[in-house]
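Chains as they are written, first to last, in the numbering used here: chain X, 1 to 357; chain F, 1 to 357.
It is worth saying that the hints were derived from the structure and are not from the lab. Just so you know, not all the hints are guaranteed correct.
Which copy is meant is left open, so a pair is good if it fits within one copy or across any two.
To be verified - Subject to a maximum C-alpha distance of 25 Å in a straight line, what follows is the list of computed SDA-like cross-link-like pairs (lysine to any residue):
#1 76 / 64
#2 50 / 100
#3 22 / 297
#4 222 / 179
#5 353 / 281
#6 355 / 328
#7 355 / 150
#8 342 / 320
#9 335 / 300
#10 335 / 292
#11 22 / 76
#12 355 / 294
#13 222 / 241
#14 342 / 297
#15 353 / 328
#16 22 / 351
#17 353 / 285
#18 146 / 175
2 protein chains.
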Amino acid sequence: MKTYGVIMAGGGGTRFWPLSRKARPKQFLELSGKDTMVMDTARRLEQIAKAEDIFIVTSMAHREMTVELTKGVVSKDHVLGEPAARNTAACIGYAAMEILKKYGDGVMVVAPSDHFIRDEAEYKRVFERAVELAEETDSLITVGIKPTYPCTGYGYIKNKESAGKDYREVVEFVEKPDPETAHEYLVSGEYAWNSGMFVWKASVILKRFEELLPDIYECLVKIGDAMGTDDEAGVIDEIYPVIPKISIDYGIMERADRVLMLEGDFGWNDVGSFEALEEVYGTDENGNVIMSEAHTIDTTDCILYGTDRNRLIATLGVDDLVIAVTDDVVLVADKNRSQDVKLFVEGLSNTDKDKYL
Amino acid sequence: MKTYGVIMAGGGGTRFWPLSRKARPKQFLELSGKDTMVMDTARRLEQIAKAEDIFIVTSMAHREMTVELTKGVVSKDHVLGEPAARNTAACIGYAAMEILKKYGDGVMVVAPSDHFIRDEAEYKRVFERAVELAEETDSLITVGIKPTYPCTGYGYIKNKESAGKDYREVVEFVEKPDPETAHEYLVSGEYAWNSGMFVWKASVILKRFEELLPDIYECLVKIGDAMGTDDEAGVIDEIYPVIPKISIDYGIMERADRVLMLEGDFGWNDVGSFEALEEVYGTDENGNVIMSEAHTIDTTDCILYGTDRNRLIATLGVDDLVIAVTDDVVLVADKNRSQDVKLFVEGLSNTDKDKYL
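Produce the entire structure from the sequences given, and follow the hints as far as they go.
In structure tokens:
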């Protein structure tokens, strides 16, 4: 059976502003050091699926850029454009229908386009096992990340052993916890971080749509029926924007029975805010992450990121700052508030400064 | 008798880096809001001397720029270029000789090119009186600034009443004090800040050079003898670089007898570091000075200065910072260490980053 890669690249995250912009969301940035995050993701999936079987779903507005940025790995006609953002259930359903109708059933490895993986060999090992399991069992599989600290920024998956098996059974998906609860989760050993990475057959997930999200399934069938006809683009343009907005977690994962989990321990990070760059890059002897031409004096625990290597960031006597510099914006923020960077995006929207978004 | 204005614009200050650069020292910046500091100074002197009698002494490297920046007030041939920086005694002696030889004796009002004056009417009143006094008494006159707080960043002038007179007699010039001494100076009422502004006849100051700085005087005479001849430029190029380096304060003011002082109370500030911008511009309700396109969230007591109004400075949860942004450098410094900004200039000199100086 074929293995497909499906990269979800429709996000428009605001927590890396001003690096991420309306025209260039986070997944199109070189945040993890090698290439753009979406290209790094494609290369990672290429270890599990053939390049010709990798798909990317992104917004129509970013489709052309995505084709350009993943050239050499992903074929142009495998970059699917969404006419509107309708959350992850729609995105995954669309990809499943595209695969089933045009290329034949197979196991889909679904991955967000903007995560970081340190240990790619271990990642490959876990996902190859997930693909096997999906093929053998017709289950929905997710990869839960072994927690390394009581993180309050991720959702968790409660899970239990499956006697004599290498996989675990999902008990429930739970929301981001408060610090105390996060600590309990960590100590209990019964919780994993919800990474948003899934493995299943296209035919199996579409059956779950039919059972659990019939409204969405109906839309997907209309789109599927038009696939390969002259009406395809028109039907997608018409139907897609009215697909109910719901995440795959809420819509299917939390409600389906028999969801299996493999535990992953491969240095995963969702790169959810500037602070995450400390884990992605590591810090120098002063606790700084320096991704810029820089000259620092008495500077500790700061993150310096400049998009132009011909621009110098100079710091003196400062600690715990995020300094992010683009051609037209300089951000200086308390690192402990780097989650709040999205406030700028809210604050500048619909003002005379919205050109900076 | 004619009144001349003499602006000393030879400085190469480092405490406003990265705004001030080798190619564009502080006096050529628009730090006080209206125009460049040197042009503001010229306009201020124009209230006391005729525009056609205003001179500027600057380094040869900045002569052309100075002519350009003060066009409309200062005539091109009144902008004197120093082939080398030889401190203020040389600069003032050269201007005095130029005036005496080419334009005839008169009272020189000598002013640094990079200070800020809030109350220009009071400034005019004090200097007009100083000009009168210089003409009547053949004295060396300085304007001491009435201290408003126990500043440790300025030198002081100890002075005493002159019975029945509006001027005071200088007792001695003293160095920058420690905080305790500065407090004593303030309380005593016998000390004024040394502003580096002087008034005297060209002939009188040259006589003091002859008495107190004969080596320099000898150089000045050689230059004076060549003035108006074909050799002028050549002699200046040859002699000027070997004039002994000494400040007018050390060389003459502290050693001459009968130095008079007028007290000035006109909102003077030498704009010696970024912190001074708080006094020059005043702060907003959050204690910030914002000289840039900016969007601030939970930001207090910061100084934001951007040279390009199309570049946004965005701050979040920060206090007491100086953020100065040019096309190629972003400085983020603890405001309480803004005097130390010169460390960058030292640190970057003779490195592969000296293009940022």
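What label fits residue 355 with residue 328 when the C-alpha limit is 25 Å: within, between, both, or neither?
For residue 355 and residue 328, both the intra-copy (10 Å) and inter-copy (21 Å) Cα distances are at most 25 Å.
Measure nothing new, just compare the shortest in-copy and cross-copy C-alpha distances for residue 222 and residue 241 to 25 Å and report within, between, both or neither.
within (13 Å within a copy, 87 Å between copies)
Reference check for the pair residue 50 and residue 100, CA-CA at most 25 Å: within, between, both, or neither?
within (17 Å within a copy, 88 Å between copies)
From the Cα coordinates, with 25 Å as the cut-off, is the pair residue 342 and residue 320 best called within, between, both, or neither?
both (18 Å within a copy, 23 Å between copies)
Could you place residue 22 and residue 76 in one of the four classes (within, between, both, neither) given a Cα distance threshold of 25 Å?
within (22 Å within a copy, 51 Å between copies)
As a check of your reading, is residue 353 near residue 281 (CA-CA no more than 25 Å) within one copy, between copies, both or neither?
between (32 Å within a copy, 24 Å between copies)
Taking 25 Å as the upper bound on the Cα-Cα distance, should residue 355 and residue 294 be classified as within, between, both, or neither?
Between copies only: 13 Å across chains, 27 Å inside a chain, cut-off 25 Å.
Are the CA atoms of residue 146 and residue 175 at most 25 Å apart within a copy, between copies, both, or neither?
within (16 Å within a copy, 65 Å between copies)
If the cutoff is 25 Å on CA atoms, where do residue 353 and residue 285 land: within, between, both or neither? Let me know, please.
between (38 Å within a copy, 22 Å between copies)
Regarding residue 76 and residue 64, is the shortest C-alpha distance of 25 Å or less found within a copy, between copies, in both, or in neither?
within (9 Å within a copy, 57 Å between copies)
Up to 25 Å between alpha-carbons, please classify residue 22 paired with residue 297: within, between, both or neither.
For residue 22 and residue 297, the Cα distance is within 25 Å only across copies (21 Å; inside one copy 34 Å).
Status of residue 300 relative to residue 335 across identical chains (alpha carbons, at most 25 Å)
both (11 Å within a copy, 16 Å between copies)
Going through the hint list in order, the structure does not satisfy hints 4 and 7.
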